[in-house]
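> Letter by letter, the chains look like this.
Number of protein chains: 2
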Amino acid sequence: MHQLQAPGRAGRAMAEWAKQLAGIKGVVLDISGVLYDGGGEGGGVPIPGSIEAVERIKASGLKLRFCTNETQATRGKFVAKLQRLGFNILVNEVTAPAPAACRILKERNLRPHLLVHDDLVPEFDQLDKTNPNCVVIGDAADNFSYKNLNEAFRVLIGLENPILISLGRGRYYKETDGLKLDVGVYMKALEYACDVQAEVVGKPAKMFFQSALAEMEVEPQQAIMIGDDIVNDVGGAQQCGMRALQVRTGKYSIFSTLMENLFLYLVELETWNVSCTNWPCDEQHPEVKADGYVNNLAEAVDIIVKQLHK
Amino acid sequence: MHQLQAPGRAGRAMAEWAKQLAGIKGVVLDISGVLYDGGGEGGGVPIPGSIEAVERIKASGLKLRFCTNETQATRGKFVAKLQRLGFNILVNEVTAPAPAACRILKERNLRPHLLVHDDLVPEFDQLDKTNPNCVVIGDAADNFSYKNLNEAFRVLIGLENPILISLGRGRYYKETDGLKLDVGVYMKALEYACDVQAEVVGKPAKMFFQSALAEMEVEPQQAIMIGDDIVNDVGGAQQCGMRALQVRTGKYSIFSTLMENLFLYLVELETWNVSCTNWPCDEQHPEVKADGYVNNLAEAVDIIVKQLHK
Numbered sequence: 001m002h003q004l005q006a007p008g009r010a011g012r013a014m015a016e017w018a019k020q021l022a023g024i025k026g027v028v029l030d031i032s033g034v035l036y037d038g039g040g041e042g043g044g045v046p047i048p049g050s051i052e053a054v055e056r057i058k059a060s061g062l063k064l065r066f067c068t069n070e071t072q073a074t075r076g077k078f079v080a081k082l083q084r085l086g087f088n089i090l091v092n093e094v095t096a097p098a099p100a101a102c103r104i105l106k107e108r109n110l111r112p113h114l115l116v117h118d119d120l121v122p123e124f125d126q127l128d129k130t131n132p133n134c135v136v137i138g139d140a141a142d143n144f145s146y147k148n149l150n151e152a153f154r155v156l157i158g159l160e161n162p163i164l165i166s167l168g169r170g171r172y173y174k175e176t177d178g179l180k181l182d183v184g185v186y187m188k189a190l191e192y193a194c195d196v197q198a199e200v201v202g203k204p205a206k207m208f209f210q211s212a213l214a215e216m217e218v219e220p221q222q223a224i225m226i227g228d229d230i231v232n233d234v235g236g237a238q239q240c241g242m243r244a245l246q247v248r249t250g251k252y253s254i255f256s257t258l259m260e261n262l263f264l265y266l267v268e269l270e271t272w273n274v275s276c277t278n279w280p281c282d283e284q285h286p287e288v289k290a291d292g293y294v295n296n297l298a299e300a301v302d303i304i305v306k307q308l309h310k
Numbered sequence: 001m002h003q004l005q006a007p008g009r010a011g012r013a014m015a016e017w018a019k020q021l022a023g024i025k026g027v028v029l030d031i032s033g034v035l036y037d038g039g040g041e042g043g044g045v046p047i048p049g050s051i052e053a054v055e056r057i058k059a060s061g062l063k064l065r066f067c068t069n070e071t072q073a074t075r076g077k078f079v080a081k082l083q084r085l086g087f088n089i090l091v092n093e094v095t096a097p098a099p100a101a102c103r104i105l106k107e108r109n110l111r112p113h114l115l116v117h118d119d120l121v122p123e124f125d126q127l128d129k130t131n132p133n134c135v136v137i138g139d140a141a142d143n144f145s146y147k148n149l150n151e152a153f154r155v156l157i158g159l160e161n162p163i164l165i166s167l168g169r170g171r172y173y174k175e176t177d178g179l180k181l182d183v184g185v186y187m188k189a190l191e192y193a194c195d196v197q198a199e200v201v202g203k204p205a206k207m208f209f210q211s212a213l214a215e216m217e218v219e220p221q222q223a224i225m226i227g228d229d230i231v232n233d234v235g236g237a238q239q240c241g242m243r244a245l246q247v248r249t250g251k252y253s254i255f256s257t258l259m260e261n262l263f264l265y266l267v268e269l270e271t272w273n274v275s276c277t278n279w280p281c282d283e284q285h286p287e288v289k290a291d292g293y294v295n296n297l298a299e300a301v302d303i304i305v306k307q308l309h310k
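Residue numbers (the numbering used here), protein chains in the order written: chain U, 1 to 310; chain P, 1 to 310.
For reference, chain U alone in the conformation it holds in the complex (with noise of 0.2 Å):
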């Protein structure tokens, strides 16, 4: 029988990377995918030992930011719903690509006409939306229709500089009833139907991880990201001079199901050569590399404390 392993995890030591843990003063955590999973209209659950985990940053006296490319929902709607779950999370300890794109909004004199969640259409109620000068997109899921496109298109392919700004650029998301495309797929559709470039607001954009940094009063290099996602939270944090860790649930764990099925499927069959290191997922990313992995932030945090007190 063909054993299976978690891919990478055998070779690579916790205390290999948590040497470098020196100096840290801020952590920044994304949310979705480290402190819960799921979502949808179920809500989602608490990712075991998160709750805690952020509980122990919080008294450990290091500086903590969520960041988030949340947008299905208010930050304030977004933050009930995780203390309903149990978190210990403040609105004002968030970042969140609507906020960020209204100051954006305000001090350009831009008037938006928003294809967003019906849930996110208060986040822009202080701003000028007639006879709009630029298209926001958010992840509208069921919004998403042909109809609604066409709109933002037209709004779009009638300005003389056509300004799109994307809340976030993910491809997919899991729900509990499935994968779902996310806001970047969309951007990519306008990108192309009108032929321009979208600013992009949100993970991985260096503007947002330093929007995070400055609330936080901490330098890049006194920062830690822990995200799940290796383009958006480790890459995007990278950009900006932080270290990042990715922790094994959330997206990731979507990711390495899809390959454990493919790789059984192909073992079934006999027509692949097996070879564990040879295993495609996150950890072998062709441009960017974690500082760490680890199994949940749980094991993140337990990390960094215990480095603390050294």
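Keep in mind the hints are simulated off the structure, nothing from the lab.
Please read all numbers here as calculations on a predicted model, not as lab measurements.
Even glycine gets a Cβ: it sits at the ideal position worked out from N, Cα and C.
Hints are all accurate, no fakes.
Where chain P lies over chain U, by a calculated footprint (3+ residues, C-beta under 8 Å):
1. 141-153
2. 174-181
Mimicking SDA-like on lysine to any residue, the simulated pairs with C-alpha atoms at most 25 Å apart in a straight line are:
3. 63(U) <-> 76(U)
4. 174(P) <-> 155(U)
5. 58(P) <-> 295(P)
6. 147(P) <-> 43(U)
7. 58(P) <-> 88(P)
8. 174(P) <-> 191(U)
9. 289(P) <-> 196(U)
10. 58(P) <-> 17(P)
Guided by the hints, dock chain P onto chain U, whose structure is given.
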């Protein structure tokens, strides 16, 4: 007062490119925007002179082929509509993406998951669609819902070797109720979501033009394409070694109207140093240059037929 003039038209005499028509034995006609305008529920209206122009080509002894990226109906239904509008056109004179895709699917033993217009589905009746091993995407219009795009995405992401076949790569087209996003936009969306490159069946793919030429038994250098789309019609045909004319009807006129409105707006604001030579339009496309420009199909046929008798 500023005088508006059709862009680029002034300096380019017909005779200039008519000289290059020697040796033409076959004509390939785009349909939408060349034969008729509109579409949608209403069905559209013939462009003045185009019904007679088709008759004149047929009477001239030139070989004729219609080449369309239309995928909102079966070829049979589409041709029946054109016949009702008054055109002398037969099903077997039309090269269309869906029948071409069917041939490819059969040759490669592919079982498609279809994301197409309801009216196109019968075109794939003869194919096994159980346990799909590829996705075929057409101009699905209102079928481009979030739900349907997610379904196509899940099929692709679950395949060991994801194959995405796109019936065209158009950005948008005009219907009576305004501009509509075309299949290419959703092709780009799925390409990004799954990190794949679609195989395009339809214009501007070289194979598609080659198949039209083979039906006419004419060499590329003996054929001329007449279309309204600078990239898909003109660029595609030229890539294949054919000559190509752009008509100033259909898509061309949509673009001109948009530019004209913008131009008038800028003139009104007095923010623009008006210069017709700088007018941005398809005739100054950065990569593609047509062999000639005509106001409409009737004018093109006039010149081609005259040239035949020299």
